[in-house]
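**Q** Read off the chains here:
Protein chains: 2
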Amino acid sequence: MSISIAVDAMGGDHGVSVTVPASLKALSKFSDISIVLVGQQALIEKELAKHQYDASRIKVHHAEQVVEMDELPSKALRNKRQSSMRLALNLVKDDEANACVSAGNTGALMAVSKFVLKTLPGIDRPAICTSMPTMKGHVHVLDLGANVGADGESLAQFAIMGSVLAKAVDNNANPRVGLLNIGEEEIKGHQRIKDANEILKNSKINYIGYVEGDEIYKGDVDIVSCDGFDGNVALKASEGVAKMISFYLKEAFNKNLLTKLVALISYPVLKAFKEKVDPRRYNGASFLGLRKIVIKSHGGADAFSFYHAIAEARLEVIKNVPDLIAHEVKALLDTQSVVEKASQANTEQQA
Amino acid sequence: MSISIAVDAMGGDHGVSVTVPASLKALSKFSDISIVLVGQQALIEKELAKHQYDASRIKVHHAEQVVEMDELPSKALRNKRQSSMRLALNLVKDDEANACVSAGNTGALMAVSKFVLKTLPGIDRPAICTSMPTMKGHVHVLDLGANVGADGESLAQFAIMGSVLAKAVDNNANPRVGLLNIGEEEIKGHQRIKDANEILKNSKINYIGYVEGDEIYKGDVDIVSCDGFDGNVALKASEGVAKMISFYLKEAFNKNLLTKLVALISYPVLKAFKEKVDPRRYNGASFLGLRKIVIKSHGGADAFSFYHAIAEARLEVIKNVPDLIAHEVKALLDTQSVVEKASQANTEQQA
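Residue numbers (our numbering), protein chains in the order written: chain A, 146 to 496; chain B, 146 to 496.
A few of these clues could be false.
Just so you know, same-sequence chains aren't split out, so a pair can sit in one copy or run between any two.
[To be verified] Heads up, simulated EDC-like pairs for lysine to aspartate or glutamate below, C-alpha to C-alpha not over 20 Å straight-line:
#1 Lys416 - Asp296
#2 Lys363 - Asp479
#3 Lys388 - Asp365
#4 Lys464 - Glu209
#5 Lys421 - Glu357
#6 Lys400 - Asp423
#7 Lys220 - Glu384
#8 Lys363 - Glu396
#9 Lys259 - Asp215
#10 Lys400 - Asp365
#11 Lys174 - Asp199
#12 Lys421 - Glu473
#13 Lys281 - Asp296
Derived by calculation from the structure, the hints in this document are not laboratory data. Given the structure is predicted, the values throughout are model-derived calculations rather than measurements.
Excised from the complex, chain A in its bound form:
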């Protein structure tokens, strides 16, 4: 199997200085992939010249324009038809690449991906899904901001899509799926969450019910489905706390000469600890619900981090995630229509 990955070389805060070395690292790591670097040819070639690489597995596809990190999605869609982001997605649409990886503007990448690649049958809204470390492994959380005010059906679709992803990429036969909610009994959650709860209780997935924010990290749930606003708040708040803790840990070890000496002695322990929670290893959010594979890297990703996003793209190609999702969502829709017909028949009988 030969997998071709289109990399938006211009996206992210650092552009080619990150995307090119990360692509070369991926090529050396995975013998089954080739990469198309999409972006300003001169810049990419200048960066490539700094490295040793197998030229037969890398191509440069020139793109005149760049989508800015703060550009409005609607403007990027309308005015940036020659951007590296758009052309990378076009390659995927035209089957010249199997997946696209970009560290560009999230809103624009989602808007252009939806427009160019389209959603799978039955999916109204694609979702952004990322994985995060837990006390026992990792968890997939979606949506992280593509949808604000998703209804119950969308939340149920997110749950199914996440379940398919976990089955495929984690080789987890029966992933546990939860719905993000809060614990206050009588005011529990929004109507949409209750609606999704009803749909999921009748689905074939391993639905375990409501989970609260802290349970995301306990390791007892494999997929957490939530509205994009809530997911974004949970993810960003988590990032914020992690950064604050790391800040105070550094501060304590940097306080004076003695503490610096302790830091030196503790270095291997602190290193082992940091590797466990290193967010760079979890870089690469999947846009689920599209007909093809798109992976969004964090804008501030370094080469190690961007490499992980490419690795995620490769894995989803091998597992053929979009087809698996299409299959499961069709099954869900069929079940729902059976349930609806049954309930309709029931109502008619009673009438």
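Got chain A sorted already, so can you dock chain B onto it with the hints?
**A** Structure of chain B alone, referenced to chain A:
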């Protein structure tokens, strides 16, 4: 000034074994307070007998019933009129105590507080406000779960109430207030957040605009106003991440004999670090918008942690927080009614 604090001695996961020692610690720390321990007399006296204390500043008020931690708020309200929680709040209503502190069931405490103490004029819904550490100090976040689906006006009231609290308890003359939102430009936030944004732009408080989840912890905002669902998700997710990080840090230092030795050497540094982010120091959430002071302690609080909730109650009594809030909310309502009248006059003129 003599401040009387009614402590729901039965509330929380640990009951009198936490609330009694914490109360005695508060008495020895603050010479200006006295405490009424409300709950099962025999149990309280048994616990008191284990300690040395000044009997002139502590009273026991017997309560037959206890509100369970998982009891529905409506049931607690209806069936537990002789509970320690209810009687402690009655003491505050009857001016026999200046504030109530409870580690009991949050939903029940909010429902009973609203019923017994009532909200301030102009306030539809009280909010739960807690403080959390940041990279530069601390931040107040509200609401944390009392309101799901708060409208723009409520979010604006939360902002004002938080601002009043920060001014009073932090001696911060001009606290910076933000509205929790997500960063995706075109789908930015719910309508209620945009409505609150408009109200706050025209208010007298130091409103700095939208903040994202990670900005809660950066130290550049003093109050974050949000819907109860969002605040609860942000807080719980933050707790979850912090616990996970602490879990992996312990694991790294406990790995083998050598790392345990390193832990021993690092002990003072790790201790200094932990003190900085110790959630126990931030225990004690304020129910803002009520006519009197109610402080909710974490249910799992230990004595050190519960003591901090009592200290918060004392401070809010000294600063007279409810009156300050009443004053500011009235000013906001007056401004709004002026704005509405002006806009109405304008519309009529145009018509």
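**Q** For every hint, state whether the structure bears it out.
**A** Comparing the hints with the structure gives:
| no. | hint | verdict |
| --- | --- | --- |
| 1 | Lys416 - Asp296 | neither (43 Å within a copy, 46 Å between copies) |
| 2 | Lys363 - Asp479 | neither (34 Å within a copy, 48 Å between copies) |
| 3 | Lys388 - Asp365 | between (24 Å within a copy, 14 Å between copies) |
| 4 | Lys464 - Glu209 | neither (33 Å within a copy, 62 Å between copies) |
| 5 | Lys421 - Glu357 | neither (23 Å within a copy, 26 Å between copies) |
| 6 | Lys400 - Asp423 | between (24 Å within a copy, 19 Å between copies) |
| 7 | Lys220 - Glu384 | neither (29 Å within a copy, 39 Å between copies) |
| 8 | Lys363 - Glu396 | between (27 Å within a copy, 15 Å between copies) |
| 9 | Lys259 - Asp215 | within (19 Å within a copy, 45 Å between copies) |
| 10 | Lys400 - Asp365 | neither (38 Å within a copy, 23 Å between copies) |
| 11 | Lys174 - Asp199 | within (12 Å within a copy, 72 Å between copies) |
| 12 | Lys421 - Glu473 | neither (33 Å within a copy, 48 Å between copies) |
| 13 | Lys281 - Asp296 | neither (31 Å within a copy, 39 Å between copies) |
Checked against the numbered hints listed earlier, the structure breaks hints 1, 2, 4, 5, 7, 10, 12 and 13; every other hint is satisfied.
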